[in-house]
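Using the hints, position chain B against chain A.
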Amino acid sequence: MNSTSVIDSQDRVTGQALFAQDVPADALHMAVLRSPHPHADIVGIETSRAVALPGVHAVLHAGDIGDKRFGRFTRDYPVFAVDKVVFCGQPVAAVAAEDLATARRAAALITVEYVQRPPLLSPAEALATDAEPIHPGYAGYLNAVPVRSHHNLQGEDARVVGEPDSAFAECDELFENTFTWQRSSSAPMESHGALVDASGDRVIVHASHKEPYKLRRDLAALAGRPEEDFEIRPVKIGGDFGSKGNPFVESICYFLSAYTGRPVRGRLSFAETLGATGGRHGGSLTLRTGLVNGRIHAHQSRFVLDGGAFVAPKPMPKGILPMLGLPLGAYDVPHLDESAVGAYTNTMPGSHVRSPGEFQAIFASESHLEMIARERGEDPLEFKTRNARHAISRNLIAKVRSESALWRRRGEPAGNTVLGVGYSLFHRSAGPGDSTVKLSANGQRVVLELAVPDQGAGSFEAFGRLVATRLGVERSRIQVLGRSTDSGLVDLGAGASRVTVVVGRACDDAATKLLAALKLDAPPSGDTTYWIPDALQAVGAAEIAVEGKGSVGRDEVEGLGHAHGALAIQVAVEPDTGIVRARRAVLAVNVGPVLNPVGLRGQLEGGFIYGLSQTLFEDLRPQDGRIELDSFNDYKLASGVDIPELALHLVDETPLPGQGLAGVRAVGELVNIGVPAALANAIDDAVGVRLQTLPLSAERVLDGIRKRASLAVAAR
Amino acid sequence: MSATYATPNTVAEACELLTAPGSHALAGGVAFTMALTKGQVDPASIVSLAHIHELHGVKGEINGALTIGALSTHGQLLRDKRITAHEAQLGEMFADVGNVRVRAVGTLGGNLAYADPRHDPAPLLGALGASVVIESTTARRTVPVADFATGAFATVLHPGELVRSIELPARSAETRIGWCKLQTNSLDDYATLSLAVGFEESNRRVTHPRILVGAADTHVRTQRAAALLDGVELDAVGRLASEVIEEVADVLAADIEPSSNHRGSAAYKRDLVRVALNRALDRTRTHSPQAGTFR
Numbered sequence: 001m002n003s004t005s006v007i008d009s010q011d012r013v014t015g016q017a018l019f020a021q022d023v024p025a026d027a028l029h030m031a032v033l034r035s036p037h038p039h040a041d042i043v044g045i046e047t048s049r050a051v052a053l054p055g056v057h058a059v060l061h062a063g064d065i066g067d068k069r070f071g072r073f074t075r076d077y078p079v080f081a082v083d084k085v086v087f088c089g090q091p092v093a094a095v096a097a098e099d100l101a102t103a104r105r106a107a108a109l110i111t112v113e114y115v116q117r118p119p120l121l122s123p124a125e126a127l128a129t130d131a132e133p134i135h136p137g138y139a140g141y142l143n144a145v146p147v148r149s150h151h152n153l154q155g156e157d158a159r160v161v162g163e164p165d166s167a168f169a170e171c172d173e174l175f176e177n178t179f180t181w182q183r184s185s186s187a188p189m190e191s192h193g194a195l196v197d198a199s200g201d202r203v204i205v206h207a208s209h210k211e212p213y214k215l216r217r218d219l220a221a222l223a224g225r226p227e228e229d230f231e232i233r234p235v236k237i238g239g240d241f242g243s244k245g246n247p248f249v250e251s252i253c254y255f256l257s258a259y260t261g262r263p264v265r266g267r268l269s270f271a272e273t274l275g276a277t278g279g280r281h282g283g284s285l286t287l288r289t290g291l292v293n294g295r296i297h298a299h300q301s302r303f304v305l306d307g308g309a310f311v312a313p314k315p316m317p318k319g320i321l322p323m324l325g326l327p328l329g330a331y332d333v334p335h336l337d338e339s340a341v342g343a344y345t346n347t348m349p350g351s352h353v354r355s356p357g358e359f360q361a362i363f364a365s366e367s368h369l370e371m372i373a374r375e376r377g378e379d380p381l382e383f384k385t386r387n388a389r390h391a392i393s394r395n396l397i398a399k400v401r402s403e404s405a406l407w408r409r410r411g412e413p414a415g416n417t418v419l420g421v422g423y424s425l426f427h428r429s430a431g432p433g434d435s436t437v438k439l440s441a442n443g444q445r446v447v448l449e450l451a452v453p454d455q456g457a458g459s460f461e462a463f464g465r466l467v468a469t470r471l472g473v474e475r476s477r478i479q480v481l482g483r484s485t486d487s488g489l490v491d492l493g494a495g496a497s498r499v500t501v502v503v504g505r506a507c508d509d510a511a512t513k514l515l516a517a518l519k520l521d522a523p524p525s526g527d528t529t530y531w532i533p534d535a536l537q538a539v540g541a542a543e544i545a546v547e548g549k550g551s552v553g554r555d556e557v558e559g560l561g562h563a564h565g566a567l568a569i570q571v572a573v574e575p576d577t578g579i580v581r582a583r584r585a586v587l588a589v590n591v592g593p594v595l596n597p598v599g600l601r602g603q604l605e606g607g608f609i610y611g612l613s614q615t616l617f618e619d620l621r622p623q624d625g626r627i628e629l630d631s632f633n634d635y636k637l638a639s640g641v642d643i644p645e646l647a648l649h650l651v652d653e654t655p656l657p658g659q660g661l662a663g664v665r666a667v668g669e670l671v672n673i674g675v676p677a678a679l680a681n682a683i684d685d686a687v688g689v690r691l692q693t694l695p696l697s698a699e700r701v702l703d704g705i706r707k708r709a710s711l712a713v714a715a716r
Numbered sequence: 001m002s003a004t005y006a007t008p009n010t011v012a013e014a015c016e017l018l019t020a021p022g023s024h025a026l027a028g029g030v031a032f033t034m035a036l037t038k039g040q041v042d043p044a045s046i047v048s049l050a051h052i053h054e055l056h057g058v059k060g061e062i063n064g065a066l067t068i069g070a071l072s073t074h075g076q077l078l079r080d081k082r083i084t085a086h087e088a089q090l091g092e093m094f095a096d097v098g099n100v101r102v103r104a105v106g107t108l109g110g111n112l113a114y115a116d117p118r119h120d121p122a123p124l125l126g127a128l129g130a131s132v133v134i135e136s137t138t139a140r141r142t143v144p145v146a147d148f149a150t151g152a153f154a155t156v157l158h159p160g161e162l163v164r165s166i167e168l169p170a171r172s173a174e175t176r177i178g179w180c181k182l183q184t185n186s187l188d189d190y191a192t193l194s195l196a197v198g199f200e201e202s203n204r205r206v207t208h209p210r211i212l213v214g215a216a217d218t219h220v221r222t223q224r225a226a227a228l229l230d231g232v233e234l235d236a237v238g239r240l241a242s243e244v245i246e247e248v249a250d251v252l253a254a255d256i257e258p259s260s261n262h263r264g265s266a267a268y269k270r271d272l273v274r275v276a277l278n279r280a281l282d283r284t285r286t287h288s289p290q291a292g293t294f295r
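Residue numbers (the working numbering), protein chains in the order written: chain A, 1 to 716; chain B, 1 to 295.
Hints may contain errors.
As the list claims (entries may be wrong) - Selected chain A positions facing chain B (in silico; Cβ < 8 Å):
(1) Thr-102
(2) Asp-630
(3) Ser-631
(4) Asn-633
(5) Val-641
(6) Ala-698
(7) Leu-702
These are calculated hints, taken from the structure and not from any lab test. As the structure is a computational prediction, the values presented were derived from the model and not from experiment. Glycine included, C-beta positions come from ideal geometry on N, C-alpha and C.
Isolated chain A, as found in the complex (with noise of 0.2 Å):
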C-alpha cells in the first residue's frame, strides 16, 4: 500500500475521528414512539405519564409543533404525524429526558389511540381505481407533482425514442421478460444520529448527513427561521450508502432542544435504521425485446416501483427514480419505448440506496438478453458484444471473457456442487452538483477547506492526492479539513456518484488559481521539495487564498461520460439445498484517469461486496407492512468468509490530464449495480434455473431446481 494512502483512514481506524454521537454536549437524550401500524388514524395523543416520569424534559407530538413536512424535494413527511399514520414506524411523538433508558420508558408510557385502517401494501393495491388517497392533503404540500393520474402516484415518467409502436411490427423475433426484487436497507454501520443546540441564539448541529447545506435549508424551514441561524459543523460519517441525507433525526433533535433549551442527542437503533428510515424501492420491470435479423430493433421497458409512505427521501422532481434509459443503456436501441411509475404504498419510504435504481434496471436487462441469446441458441457474450454501443464494452466483455476462458462452467461437478459462469455489462453516470473549496498556502503547508462532508468513501484523500499532483509537492504537506456551513463554501452533498467529478473540479481549479495567483502557469518541474516559500516570497506574500469552484450542470451530466464495466463471477450451487456461493470473479472496467488508486480499489471492492450482499441476502421482507429484522444480527451483510477472490482490471486507462478533470469517472455505485445479473447468469449457467426475482435466495434456486426435475420426468 503507498504509504500516502492512509492519511485519510488513519483517524478512522485508530478510533481518533469524530463521529457526532462523539461530540461531547451535556446533552439531553432522544427517544421516539413509532407508528406500530402500517396506516391509521390518529384519535388521540395521552402524554401525561409520560411528561410527569422524573428526568423527562419534554413530550412532544404534532399538536405541540404544528403540520411540519420536509422532502428533499416535495415536502411531504411531517416531522409527527399529523392526523394519520401512513406506515409501520412513522414517528407520532417523541421524548427528551436525562438518559436514553428514561427517554425509552417515557415515550413506552404515551398512549396513542388508532383507528385503523385497510393498508394498501404494494403498488397493484395503492393503484387500483377505487384505492383510498394514503395522502388526501398531497395537493398542499409543497412541491407536490402538479398533475398526476392517479391520487396514490408519487410521480411518472415516460419517454419515447423513434418510433418503437411500428419498429416492433416489423421485428422478426420478440421477447418479453418480467423481474421483481426485495426492499433492501443502506444498512450504514453507523446508525443516523445528531446532536442538535438549539439552546442559544444560533442553533449547532453535529449530524451524520452527507448535505450539510441542504440540512441546514430543511432545518430553518422547518424551524420558520433564516439559514444563517443554523451552523452544521462537520464530522466524519460512518458510512451512507444513501439514506443518509433526511433529517430523520436532526428535525427531532431542533424541536426537542428548541422547546427544552437544552442540546438533545439522537441516535437511532438499528431496529429503527432498517425498519424506518428508508430502503431500496421494491418493485417490477417488464421488457420486452424485438430483434431483426439478430440485433435489437425496439426495446419497451415499464417500471412499477414501491415508493413508500413518502416521497420525500428521493430528491426528484418528478416524484420518480430517474429509471429511463437504464435497462439497454449499454446497447444499440434504435426505437425505444420507457415508462415507469412510482406508487405511494403503506410501507417504509423508498429511499436511495446504493443506486437508487440502475441495481434493479441492470440486473433485469442483463438477465433479459442473456435468457434472449440462450433461447435463440446464441452465446450470450457474441449476442451483447454484436448489440454493444460503445467500443469500450466490447473491449470489456473481451477482457472478462478472455480471463474467465478457463472456468469450469455448465454445470461440471465440484464436490457436492455443480458449477456456472454468469456475466454482466454495466455502466454509471455521475449526478450533478455544485462545490467550492478554499485552498489557502503558506511556508509550511498548503490547506485544502472542503465543503462536501467526508462519508467514509475516501474522497478527502483523493482530493489531498490531486491538490499535491497540481502543485507538484508531497501530499504530506496538504492538509484536508471539512468545514462548517458557516465557511461561506457552498456543497450539493455527497451522493450520486457525484463528489469525485464535482469536488475535483473543484479542487483543480483552486490549485489553478493558486498558480496563477504565485504567477506562475505550472508548479517548478522535477522536484517535490517544498517550492511554495520561494514563490510567496516572489510575489511578496505571506499566504495565499484562493476559492475554486466545480459544478456539473444537469444538461451536462450525458457528455461526462460514463464509467463502465464488465464483471465474470462463478459460482457453486448445492443441487440438493439451493446453496449458492460465488467462488471467483474478474473485474474490468473502465473509469478514466486514477486519482487515488488505493482508493478506487476499495470503492469497486466494496461495490462488488455489497452487489453480492443485496443479490444473495439482504431482504427486510416486510410483514403486513412491519419490518420485524432489527439488528445487523439477523440483517446479515456479505462478509470476509463469503467474498471470493476478485480479479480487477482497469481497461483503456486514460492518464489524468495536465489540467481540468476531463475523463475523470464516478464509480462510487458502478460495480454493484453489475453483481445481481452476472449471478443471475451463473446459476442458469450452473443448474438451468432462471431467477427473475431478487435475492437470489437458496429457497428459490431449490425450488427452480425440483421444478425442472419435474419437468424432465413429465416430458419422459
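Here is chain B on its own, set in the frame of chain A:
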C-alpha cells in the same frame, strides 16, 4: 437500566447472588449484550463470572472423559487438541460458531444457558452424550445436553443455579457421530438448519441412537425419528439402507417445527432436514474433517 454489578470469586458466591430476583449471570457477554441492546433483558443485578477460576479450563479424566469449564471460549475449545482428538467434528463446529469476535469471547456455558435454538454446540454435544453440570448453593446435578434446553431461550436452570461445566463422556470405539450445518445466507450467519446424529455400533447394528436438530426448535421432538434407527442394520461400510434413512427423514420433517423467516420457509427447512440427515449419517462412517459443511 440501573443494575448492580458483582464479581464473585467462587461458584458458591455466584449462586448465592443469582438467587436474587432479576439477577443475570454474565459469562462472555455475547448474547447478553445483544439482549441488553435490544431491551430484551432489564437486569436488576449482573453477576460476572469472569473471576471464578474453577469455571475455566478443560480437564481430562483418566478414563478419557473431558470436563469443559463453563467459561471456556469457543476459540479455546477449537484449538484444544484434547477436544479435537475426542471428536474432530467438535473442532470444526467450534471453528464455525459466529465469527472470530464471537469465538474470542463467547463461552460454551453461556451459549448453552442462553439456549438460542440457532446455536451450533448443543446438537453435536447432545449427540456425543455430553451432560451439563449444574450447581446451586445447595446441590449439584447433571442434565444431558439433549434435555437441557426445554425450548427456545428456555432451560432447566432454576434461579440460583449456574452451569459449572460440560462433561463429555469417554469415547467408546463404537460411537459414531455425524454433524451437518447448513447456512443459506452469509457464512457468518446462524445455521438455517443443523443436525447431529450419534449412535453406538454393535454387531453391525445401531444402538442408542440420538438425533438433535439445531435452528428448528428444541431437540425433544426428534426422539420419534431417532427411535426408528434403533436396532437397524449397517452394511459392510457402515451405511444404513436408504429406505430407513428416508423413513427417518420423513418423521423428522414432520416432527420438527421450524419457523418461516428470511433464511427460508418452514417447508424449505423441512427439505433441509432431509439433506442434513443424509450428510450427517454419511459422516458417521468417517472421522475425516471434511464435507458436511459448505465451504
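A quick look at each hint next to the structure:
no.: 1; hint: Thr-102; result: violated, 10 Å
no.: 2; hint: Asp-630; result: holds, 6 Å
no.: 3; hint: Ser-631; result: holds, 7 Å
no.: 4; hint: Asn-633; result: holds, 6 Å
no.: 5; hint: Val-641; result: holds, 4 Å
no.: 6; hint: Ala-698; result: holds, 4 Å
no.: 7; hint: Leu-702; result: holds, 7 Å
When held up to the earlier numbered hints, the structure conflicts with hint 1 and nothing else.
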